[in-house]
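There are 2 protein chains.
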Amino acid sequence: METATQDRAPRYLQLGRAIAEQIGTGTLRVGEKLPSVRSLSSERGVSISTVLQAYQWLENQGLIEPHPRSGFYARIPHSQLVPEPSYQSSDPKPIKVGAMPTLGEILRAAMDPAKVSLGASAPSPQLFPTTKLNKIIRRVIQEQPDHSSRYIFPPGLEALRREIARRSIEFGCSFTPDDVVITSGGIEAIVLSLRAIAKAGDVVAIESPTYFGILQALESLGMRVLEIPAHPRTGMDLAAFERAVKRHKVKVCVIMPNCHSPLGYVLPDEAKKATVEIAARHDVALIENDVYRDLAFGERRPKPAKAFDTNGTVVLCSSFSKVLGPGFRVGWVSGGKYKTQIESLKFVGSLATPSLPQLVIAEFLAGGGYERHLRRLRDTLPDHVQAVTHAAAKYFPEGSKLTRPEGGYLLWCELPKEVDSDKVFRAALDKNILITPGSIFGTHKKFSHHLRLNAGMLWSPAVERALFELGRVCSAFAG
Amino acid sequence: METATQDRAPRYLQLGRAIAEQIGTGTLRVGEKLPSVRSLSSERGVSISTVLQAYQWLENQGLIEPHPRSGFYARIPHSQLVPEPSYQSSDPKPIKVGAMPTLGEILRAAMDPAKVSLGASAPSPQLFPTTKLNKIIRRVIQEQPDHSSRYIFPPGLEALRREIARRSIEFGCSFTPDDVVITSGGIEAIVLSLRAIAKAGDVVAIESPTYFGILQALESLGMRVLEIPAHPRTGMDLAAFERAVKRHKVKVCVIMPNCHSPLGYVLPDEAKKATVEIAARHDVALIENDVYRDLAFGERRPKPAKAFDTNGTVVLCSSFSKVLGPGFRVGWVSGGKYKTQIESLKFVGSLATPSLPQLVIAEFLAGGGYERHLRRLRDTLPDHVQAVTHAAAKYFPEGSKLTRPEGGYLLWCELPKEVDSDKVFRAALDKNILITPGSIFGTHKKFSHHLRLNAGMLWSPAVERALFELGRVCSAFAG
Numbered sequence: 001m002e003t004a005t006q007d008r009a010p011r012y013l014q015l016g017r018a019i020a021e022q023i024g025t026g027t028l029r030v031g032e033k034l035p036s037v038r039s040l041s042s043e044r045g046v047s048i049s050t051v052l053q054a055y056q057w058l059e060n061q062g063l064i065e066p067h068p069r070s071g072f073y074a075r076i077p078h079s080q081l082v083p084e085p086s087y088q089s090s091d092p093k094p095i096k097v098g099a100m101p102t103l104g105e106i107l108r109a110a111m112d113p114a115k116v117s118l119g120a121s122a123p124s125p126q127l128f129p130t131t132k133l134n135k136i137i138r139r140v141i142q143e144q145p146d147h148s149s150r151y152i153f154p155p156g157l158e159a160l161r162r163e164i165a166r167r168s169i170e171f172g173c174s175f176t177p178d179d180v181v182i183t184s185g186g187i188e189a190i191v192l193s194l195r196a197i198a199k200a201g202d203v204v205a206i207e208s209p210t211y212f213g214i215l216q217a218l219e220s221l222g223m224r225v226l227e228i229p230a231h232p233r234t235g236m237d238l239a240a241f242e243r244a245v246k247r248h249k250v251k252v253c254v255i256m257p258n259c260h261s262p263l264g265y266v267l268p269d270e271a272k273k274a275t276v277e278i279a280a281r282h283d284v285a286l287i288e289n290d291v292y293r294d295l296a297f298g299e300r301r302p303k304p305a306k307a308f309d310t311n312g313t314v315v316l317c318s319s320f321s322k323v324l325g326p327g328f329r330v331g332w333v334s335g336g337k338y339k340t341q342i343e344s345l346k347f348v349g350s351l352a353t354p355s356l357p358q359l360v361i362a363e364f365l366a367g368g369g370y371e372r373h374l375r376r377l378r379d380t381l382p383d384h385v386q387a388v389t390h391a392a393a394k395y396f397p398e399g400s401k402l403t404r405p406e407g408g409y410l411l412w413c414e415l416p417k418e419v420d421s422d423k424v425f426r427a428a429l430d431k432n433i434l435i436t437p438g439s440i441f442g443t444h445k446k447f448s449h450h451l452r453l454n455a456g457m458l459w460s461p462a463v464e465r466a467l468f469e470l471g472r473v474c475s476a477f478a479g
Numbered sequence: 001m002e003t004a005t006q007d008r009a010p011r012y013l014q015l016g017r018a019i020a021e022q023i024g025t026g027t028l029r030v031g032e033k034l035p036s037v038r039s040l041s042s043e044r045g046v047s048i049s050t051v052l053q054a055y056q057w058l059e060n061q062g063l064i065e066p067h068p069r070s071g072f073y074a075r076i077p078h079s080q081l082v083p084e085p086s087y088q089s090s091d092p093k094p095i096k097v098g099a100m101p102t103l104g105e106i107l108r109a110a111m112d113p114a115k116v117s118l119g120a121s122a123p124s125p126q127l128f129p130t131t132k133l134n135k136i137i138r139r140v141i142q143e144q145p146d147h148s149s150r151y152i153f154p155p156g157l158e159a160l161r162r163e164i165a166r167r168s169i170e171f172g173c174s175f176t177p178d179d180v181v182i183t184s185g186g187i188e189a190i191v192l193s194l195r196a197i198a199k200a201g202d203v204v205a206i207e208s209p210t211y212f213g214i215l216q217a218l219e220s221l222g223m224r225v226l227e228i229p230a231h232p233r234t235g236m237d238l239a240a241f242e243r244a245v246k247r248h249k250v251k252v253c254v255i256m257p258n259c260h261s262p263l264g265y266v267l268p269d270e271a272k273k274a275t276v277e278i279a280a281r282h283d284v285a286l287i288e289n290d291v292y293r294d295l296a297f298g299e300r301r302p303k304p305a306k307a308f309d310t311n312g313t314v315v316l317c318s319s320f321s322k323v324l325g326p327g328f329r330v331g332w333v334s335g336g337k338y339k340t341q342i343e344s345l346k347f348v349g350s351l352a353t354p355s356l357p358q359l360v361i362a363e364f365l366a367g368g369g370y371e372r373h374l375r376r377l378r379d380t381l382p383d384h385v386q387a388v389t390h391a392a393a394k395y396f397p398e399g400s401k402l403t404r405p406e407g408g409y410l411l412w413c414e415l416p417k418e419v420d421s422d423k424v425f426r427a428a429l430d431k432n433i434l435i436t437p438g439s440i441f442g443t444h445k446k447f448s449h450h451l452r453l454n455a456g457m458l459w460s461p462a463v464e465r466a467l468f469e470l471g472r473v474c475s476a477f478a479g
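First to last, the sequence lines map onto chains A and W.
Numbering-wise, this note's numbering puts 60 at position 60 of the first sequence, and it's gapless, one number per residue.
Numbering-wise, this note's numbering puts 202 at position 202 of the second sequence, and it's gapless, one number per residue.
Accuracy of the hints is not assured; some may be wrong.
To be verified - Below, computed lysine-lysine pairings styled on DSS-like, alpha-carbon distance capped at 30 Å: (1) Lys401/W to Lys115/W; (2) Lys199/W to Lys199/A; (3) Lys199/W to Lys337/A; (4) Lys251/A to Lys199/W; (5) Lys339/A to Lys199/W; (6) Lys132/W to Lys132/A; (7) Lys446/W to Lys394/W; (8) Lys96/A to Lys249/W; (9) Lys445/A to Lys423/A; (10) Lys431/W to Lys394/W; (11) Lys246/W to Lys303/W; (12) Lys249/A to Lys199/W; (13) Lys251/W to Lys93/W; (14) Lys135/A to Lys135/W; (15) Lys249/W to Lys199/A; (16) Lys96/W to Lys199/A; (17) Lys199/A to Lys339/W; (18) Lys339/A to Lys423/W; (19) Lys96/A to Lys96/W; (20) Lys337/A to Lys96/W.
Please keep in mind that the hints were generated in silico from the structure rather than gathered at the bench.
Start from the sequences, fold in the hints, and give me the full structure.
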């Protein structure tokens, strides 16, 4: 199904996007009537059905609306009517992270496949290259029947490390296979890095809000946390970051400049460079959570902050979970000057890494399948996010605010202040809908009226229905 | 190839073992001549070639020797001439575990498949049920193509936990699937248990010598260690253990009463019960490393100490690595009263466990393949251990001492005092032979003239040659 054309999207989608761009740039003004289906068909030399599909898509995106017996009109998309989440900078103090009692509940709920999952951050299984990966599995077990009969000790399978290193040139780094340690997913990479750099009692700076796994890890390691406010579009407040590292003895800062979870922003190179420079100036190591970078929207793939590292103190953590499937549990870390320590902790903690997932992903990368798959996924995801944004904008209570993600498939939603998202979580669960409440993305109920939505699901009536129901649940709490 | 007969061993092996038993019990005395091949053949109603094979096997085991132009004579096996490693009890003090610089070298060496591996503890790949497991992999990816598209969060795949719980009745426990957490191999189970029970600075009692992974884990966790001497046959000195826990505030003790690594003993039920009682009396938790129990020699499979646990303070850690293949990295823990904490640490550290290995092993267990495979493996391993013992007894320098393992496939060798096993390790490596030096099985050079041999390899001229060379290396250092 591979074609060599520049734009591999179907005709209707190419047409729909062209019109969307006209609306976005104001070339086609809000309230203006669109050409009739027939005239656009002949004008563009496409079939009637292609135009109809394009208009349907535009309507789904909330960009046009039908007027009875008149035709389609451009409209302001719901999502543009919804403001971005609020932001206020502040100068935090280091604190101990408390346990997160809700997390157990969330986990148990997440294991039930009957739920509509707007919770865990994972796209629909249909979006993974399952057929191709299974073909490779068959080949590997044919060619290397005793694939799992030996330990693959850290740093992990050489062929896989080579593929990762080979690609690092493209994003402004130049790893050798020896720089890379294979881990059990991105989170193990981050936790091992934290343990390699800091110890119990040490202060770790993080963006706020931050992926709850980081907070959990800091809690379990007894490290103190310094939550630097992050703007929903421009990221961590660098002035606040610099004040913080001047004032407190910060050992390491965990950052996510690309496709931030949960905020969705992609920072420009200058911001990444500035972050690295501030950290280096104050002798603060950086752990970069880079698991979604490959899923940034737009033509060019952004660089990681690691690309601006000059002294080996930026540790880059990534994973294939978000692109190939989380069940493989294959992540990796380029540990800079902490590499040996990370490798040793990996050995101590689990001795070796499962063989078959490494062999399979290495083959997939070597065969070029990864890049082909990625192109398709990057092509698809913005529409998913757009559709969920549109539905949330339509169904969520007055006063709700939404991020405008520049990559990945996560949406961060600020609900009216009086809505307790833990309660929303439980009420939604009763309706078989899974979300992640904001409370676990920060300490001290900072984000208690927020929630994170997984917009990686294939759009379907069930998903739309779930968002509608979720909106009702939220509205009920909004009183 | 499955047969329903009681003894599934080939005819020659049945015959050989019967004669070996006669020598062992003294029915056939040392120096006595064995029946001629022809007369034994007609007497037993087996072919000439079966008798020849049986005699060959007995000769390989060191139990008979040919006298030219006369026939075969019973002899004292080399291994019985070799004494067991020495043992001295003592009352240890808690100490910090230091880093193990040799470990990095050992690891790097272990990754080279060109070496004759008497190092890592793993049987020959040929001994794993590769064909059957690969068949199941094909079936799983056929029936559940998106096997790896979702997270399997802790505690892990329900079907696998159910199979493990189901078997627990057989060894005197009665777990429910909810008691079990799936981990990345046995060592992750142990490390998570240690972290759930103790913290940096706490005192952890261990048997001495002990599997080096435990020492490493304690070092990386900043816990202090109390090394209770373990006798090569009767295990940890319980009187010393009780004195130690009376004298020092011991949080937890890591034990391996079945197929101890490196000593190979299997303790009787009474000793296990006594250990559990002492621990309970002094409020000490027990972590039981049970990864080789399924490989105990003899008809009956021993119970774990966990079977004598009355208050949930024994944590049982096991794995499929030693029986199905270490590359799957599937282990498990029954955490008793620490279960919730262990599960939560698993989640924090690596979020989920790889899906495919869990699905495959669950299927293998459910289909009954595990027990069939285990019978064959248990049938085979004693011969491997015997063959390596025999060769070591023959080739190692005067004054060497060897354990008499009752399970698993590890042999612990005490060399003459002047032999530095780190040097032996390096010299053997130059000859492409991999061993594990004793130095890493205890602190403070306690076992610096010891080495651990993996006797799980298929017997071959290359393995015999390696043991011969290793003997020469050791002899050279013995001066």
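Status of each hint after checking the structure:
For the proposed pair Lys401/W and Lys115/W, the alpha carbon gap of about 25 Å is at most 30 Å, so the pair holds. Taking the CA atoms of Lys199/W and Lys199/A, the gap is near 12 Å; set against the 30 Å cutoff, the hint holds. With a CA separation close to 27 Å, the supplied pair Lys199/W and Lys337/A stays within the 30 Å bound. Between Lys251/A and Lys199/W, the direct Cα distance comes to roughly 21 Å. Compliance with the 30 Å bound is thereby established for this hinted pair.
For a cut-off of 30 Å, the pair hint linking Lys339/A to Lys199/W stands: about 25 Å separates their Cα positions. A hinted pair counts as satisfied when its Cα atoms are at most 30 Å apart, and Lys132/W with Lys132/A qualifies at roughly 23 Å. For the suggested pair Lys446/W and Lys394/W, the alpha carbons sit about 26 Å apart, so the restraint of at most 30 Å is met. With a C-alpha separation of about 27 Å, the suggested pairing of Lys96/A with Lys249/W holds against the 30 Å cut-off.
Proximity of Lys445/A to Lys423/A is assessed by CA-CA distance (about 13 Å); at most 30 Å being required, the pair is judged to hold. Simply put, Lys431/W and Lys394/W have alpha-carbon atoms about 19 Å apart, close enough for the 30 Å limit, and the pair holds. Distance hint between Lys246/W and Lys303/W is fulfilled; the C-alpha atoms sit about 27 Å from each other, no more than 30 Å. About 24 Å separates the Cα atoms of Lys249/A and Lys199/W, which keeps this hinted pair within 30 Å; it holds.
Between the alpha carbons of Lys251/W and Lys93/W the distance comes to roughly 14 Å, so the proposed pair stays at or under 30 Å and holds. For the given pair, Lys135/A sits about 14 Å from Lys135/W by alpha-carbon distance, which is consistent with the 30 Å threshold. Proposed proximity of Lys249/W and Lys199/A is supported: the alpha carbons are some 24 Å apart, at most 30 Å. Our distance criterion of 30 Å between C-alpha atoms is met by Lys96/W and Lys199/A, whose separation comes to about 17 Å.
With a C-alpha separation of about 25 Å, the suggested pairing of Lys199/A with Lys339/W holds against the 30 Å cut-off. Note on Lys339/A and Lys423/W: the hinted pairing holds, with a Cα-Cα distance of about 27 Å set against a maximum of 30 Å. Proximity of Lys96/A to Lys96/W is assessed by CA-CA distance (about 27 Å); at most 30 Å being required, the pair is judged to hold. Note on Lys337/A and Lys96/W: the hinted pairing holds, with a Cα-Cα distance of about 26 Å set against a maximum of 30 Å.
Consistency note: the structure conflicts with none of the earlier hints.
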